[in-house]
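Participant: Keeping the supplied structure of chain W fixed, place chain Z upon it in accordance with the hints.
Listed here are the chains, written in short residue letters.
2 protein chains.
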Amino acid sequence: MKTLKVPEATVTRLSIYSRFLERLDRNGVITVSSGEIAEGVGVSPAQVRKDLAYFGEFGTRGVGYNVKDLMKYTLKILGLDQNWSLAIVGAGNLGFALTTYHGFNVRGFYISAVFDNDPAKVGQKIGRLEILSMASFPSVAQNENIRIGIIAVPVRSAQEVADIMIDNGVLAILNFAPVPLSVPEHIETRNVDMSVKLEILTFNLGFRAAQSL
Amino acid sequence: MKTLKVPEATVTRLSIYSRFLERLDRNGVITVSSGEIAEGVGVSPAQVRKDLAYFGEFGTRGVGYNVKDLMKYTLKILGLDQNWSLAIVGAGNLGFALTTYHGFNVRGFYISAVFDNDPAKVGQKIGRLEILSMASFPSVAQNENIRIGIIAVPVRSAQEVADIMIDNGVLAILNFAPVPLSVPEHIETRNVDMSVKLEILTFNLGFRAAQSL
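These protein sequences, in sequence, are chains W and Z.
Numbers 1 to 213, taken from our numbering, label the letters of the first sequence in order.
Numbers 1001 to 1213, taken from our numbering, label the letters of the second sequence in order.
Isolated chain W, as found in the complex:
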């Protein structure tokens, strides 16, 4: 996996293009140009063409792209031509918010189970899901074919939770605990740090001031 040469920024944009294409498709649009995609998502047309070129030849000069074909292709590239079964560990406020987050379902991510080790939480419900004890993680992960784990526990428990996930077949981990995880080479992990996005905002706000250094 480490030999992959597609920049992560390209994958992020592909995810955004595919949402835009889904919207066009729902609205009955048949073809779209790179310029229209670019305008729809706020990047340059050259960027759209460059991003798509990583994955082969698309579109017909002067005609553009077939919306449905390109949409399906982007979803396939993103691994979204299948459904993914997810487990969330940590049923605090963040875990609760993630469990009830509607944005996952529409992209084919299904939250199959929520776990917590707090006896006061186990057995309570978040929507349709009952909060389970971590002791049942191995059996649930196997039965539900869980391949993606979301970590929403405090820093001190994050590595232990990651280890349990990986031991039980999880291949990819989205980690909301602000600590780097140590994982084998074949496991994909990404940390979500809420403040990085804020710093992009303050960078843009502060850029002129910094220019005058």
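There's no promise every hint is true.
As the list claims (entries may be wrong) - Under the rule of at most 20 angstroms between Cα atoms (straight-line distance), these lysine to aspartate or glutamate pairs were calculated in the EDC-like manner: (1) W:Lys68 to W:Glu39; (2) Z:Lys1197 to W:Asp193; (3) W:Lys50 to W:Glu8; (4) W:Lys197 to Z:Glu1188; (5) Z:Lys1076 to Z:Glu1022; (6) Z:Lys1197 to W:Glu36; (7) Z:Lys1197 to W:Asp81; (8) Z:Lys1005 to W:Glu8; (9) Z:Lys1005 to Z:Glu1185; (10) W:Lys76 to W:Glu188.
Everything labelled a hint here was simulated from the structure, so no lab data went into it.
All values derive from a computational prediction rather than experimental measurement.
Facilitator: Chain Z alone, transformed into the frame defined by chain W:
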């Protein structure tokens, strides 16, 4: 602000470099090479040099960078040489999780107020903060000098909340509602979509399959 030519990926990495430099500085490290920064954060040394080159000349050939100077400079570039006063609107699970998120404080972001329009929530406390009614947003925003707003309300209320924020001096908005905001040119906004990060994971998991198309 729209003429800014520094890629957002560079700003994101700058944010990550600055955390690494802070850690080195806390550990008493005086100088660091681009290779060491690269290894510490998991990018190539050329990428580190290219990213820093956007902002001027740094370091001494064969000696490297002075950790404290480069750390301070990256923080200044990111607009973090000052504290920022933040307001969160929406005291549901996500708003609650964001209000108690420790990652903001350490980077100079102070949550000054939390708002919600649900009468059952107004007056309750999240940590030290009392949940306020949106009716008090204008006066609180002025008194607390709030320049950054975080939107954690449902889709149907997001634009209305953004308008109130902007009318009351907010310059940058981090939007967790999965809907694009319509804002004036001089306002910075970023949407946080939890599922984009998941799709980077599934892209990496699914890449070999897609190769065989």
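Participant: Evaluate each hint against the coordinates.
Facilitator: To see whether the hints hold, each was checked on the structure:
1. W:Lys68 to W:Glu39: holds (19 angstroms)
2. Z:Lys1197 to W:Asp193: holds (11 angstroms)
3. W:Lys50 to W:Glu8: holds (14 angstroms)
4. W:Lys197 to Z:Glu1188: holds (11 angstroms)
5. Z:Lys1076 to Z:Glu1022: Roughly 13 angstroms between the alpha carbons, so the hint for lysine 1076 of chain Z and glutamate 1022 of chain Z holds.
6. Z:Lys1197 to W:Glu36: With a Cα-Cα distance of about 25 angstroms, the restraint between lysine 1197 of chain Z and glutamate 36 of chain W is violated, given a limit of 20 angstroms.
7. Z:Lys1197 to W:Asp81: With Cα atoms ~17 angstroms apart, lysine 1197 of chain Z and aspartate 81 of chain W stay inside 20 angstroms; holds.
8. Z:Lys1005 to W:Glu8: It holds: about 19 angstroms lies between the C-alpha atoms, which stays within 20 angstroms.
9. Z:Lys1005 to Z:Glu1185: holds (16 angstroms)
10. W:Lys76 to W:Glu188: holds (18 angstroms)
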